[in-house]
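For the record, the sequence lines run as chains A and B.
Quick note on this note's numbering: the first sequence kicks off at 11 and runs consecutively.
Quick note on this note's numbering: the second sequence kicks off at 11 and runs consecutively.
Don't read these hints as lab results, they were simulated from the structure.
For clarity, every value in this text was computed on a predicted model and none was experimentally measured.
Backbone N, C-alpha and C define an ideal beta-carbon position, used for all residues, glycine too.
Take the hints with a grain of salt, since some may be wrong.
[Unchecked claim] Derived SDA-like pairs: lysine to any residue, alpha-carbon spacing no greater than 20 Å straight-line:
| hint | chain 1 | residue 1 | chain 2 | residue 2 |
| --- | --- | --- | --- | --- |
| 1 | A | Lys18 | B | Pro94 |
| 2 | A | Lys18 | B | Arg40 |
| 3 | A | Lys18 | B | Pro29 |
[Stated by the list, open to error] Far from chain A by the CB rule (all over 10 Å, computed), these chain B residues:
| hint | residue |
| --- | --- |
| 4 | Val14 |
| 5 | Thr26 |
| 6 | Trp36 |
| 7 | Asp58 |
| 8 | Glu95 |
| 9 | Arg106 |
| 10 | Asp115 |
| 11 | Lys124 |
| 12 | Thr125 |
Here are the chains, one letter per residue:
2 protein chains.
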Amino acid sequence: MSGVPILKLGDHLIVTLTPQLSDSQWDRLRDALLLRVGQVRATGAVIDVSAMEVMDSFATRTLGAIAQMMRLRGARCVVVGISPEVAYTMAQLGLRLQGTKTALDLEEGLALLKTQTDPFA
Amino acid sequence: MSGVPILKLGDHLIVTLTPQLSDSQWDRLRDALLLRVGQVRATGAVIDVSAMEVMDSFATRTLGAIAQMMRLRGARCVVVGISPEVAYTMAQLGLRLQGTKTALDLEEGLALLKTQTDPFA
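Model the full assembly from the supplied sequences, consistent with the hints where possible.
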């Protein structure tokens, strides 16, 4: 139990990250997400980071890795809810969310997952 | 900042509670929710408690109070994700979620909000 709830909505999973996840919580979240993708046969996931006040290099790298693993399991990831402050800091530090799309909020994220229907894009 | 993210999906808000909310976090969540209802003109809210391993009398009473206040602001509340263990404990302790509907999960909660269109029901 990572303490991070994973919700299901149609074909998609919704994850709202809590502030200050420990390294072991990140690990458990990754395991839970990868398992859940198979259980509910999800085709996409929206990861909301609006509660996070800091996105350091560990968080960024872990999110990117989770997105990559999810894609190997057949589900695409969209990271949403990056606040202006977090975006500024990430740009200053040169942190990139590799392999994931980003969108403004949950609605835009779900819309993005719905439009991206080409599996080989 | 209560640390509990409040997501918006169409006319509805989605709140996923984190385990072990402190009393002050409950207070801030209530304030944030009541404010947000007005900001986004929400007509309903789904509160997911699946991450909570314990629902004591304080949590139950606070949730009931939040639901009542939300209704006064024009938004109905559905509590979803009560686990079998939590349901058992709540029944044993005689705890009731007064004034709120409950549903199995996010999807059922949103469906319930959509069906309940009679404002005077």
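Hints and how they fare:
1. A:Lys18 with B:Pro94: Given that 20 Å is the threshold and the Cα spacing comes to 18 Å, the pair holds.
2. A:Lys18 with B:Arg40: Outside the cut-off at roughly 24 Å; violated.
3. A:Lys18 with B:Pro29: holds, 19 Å
4. Val14: Answer for valine 14 of chain B: violated, closest chain A Cβ roughly 7 Å.
5. Thr26: violated, 4 Å
6. Trp36: Given a closest Cβ separation of 15 Å, the condition holds.
7. Asp58: Aspartate 58 of chain B is in fact no farther than 10 Å from some Cβ atom of chain A, at 6 Å.
8. Glu95: holds, 12 Å
9. Arg106: It holds; arginine 106 of chain B is separated from chain A by about 23 Å at its closest Cβ, greater than 10 Å.
10. Asp115: Its Cβ does come within 10 Å of chain A, the nearest being 7 Å, so this is violated.
11. Lys124: Holds: least Cβ distance 13 Å, greater than 10 Å.
12. Thr125: Label holds. Min Cβ-Cβ 17 Å, cutoff 10 Å.
Hints 2, 4, 5, 7, 10, counting from the list given before, are not met by this structure.
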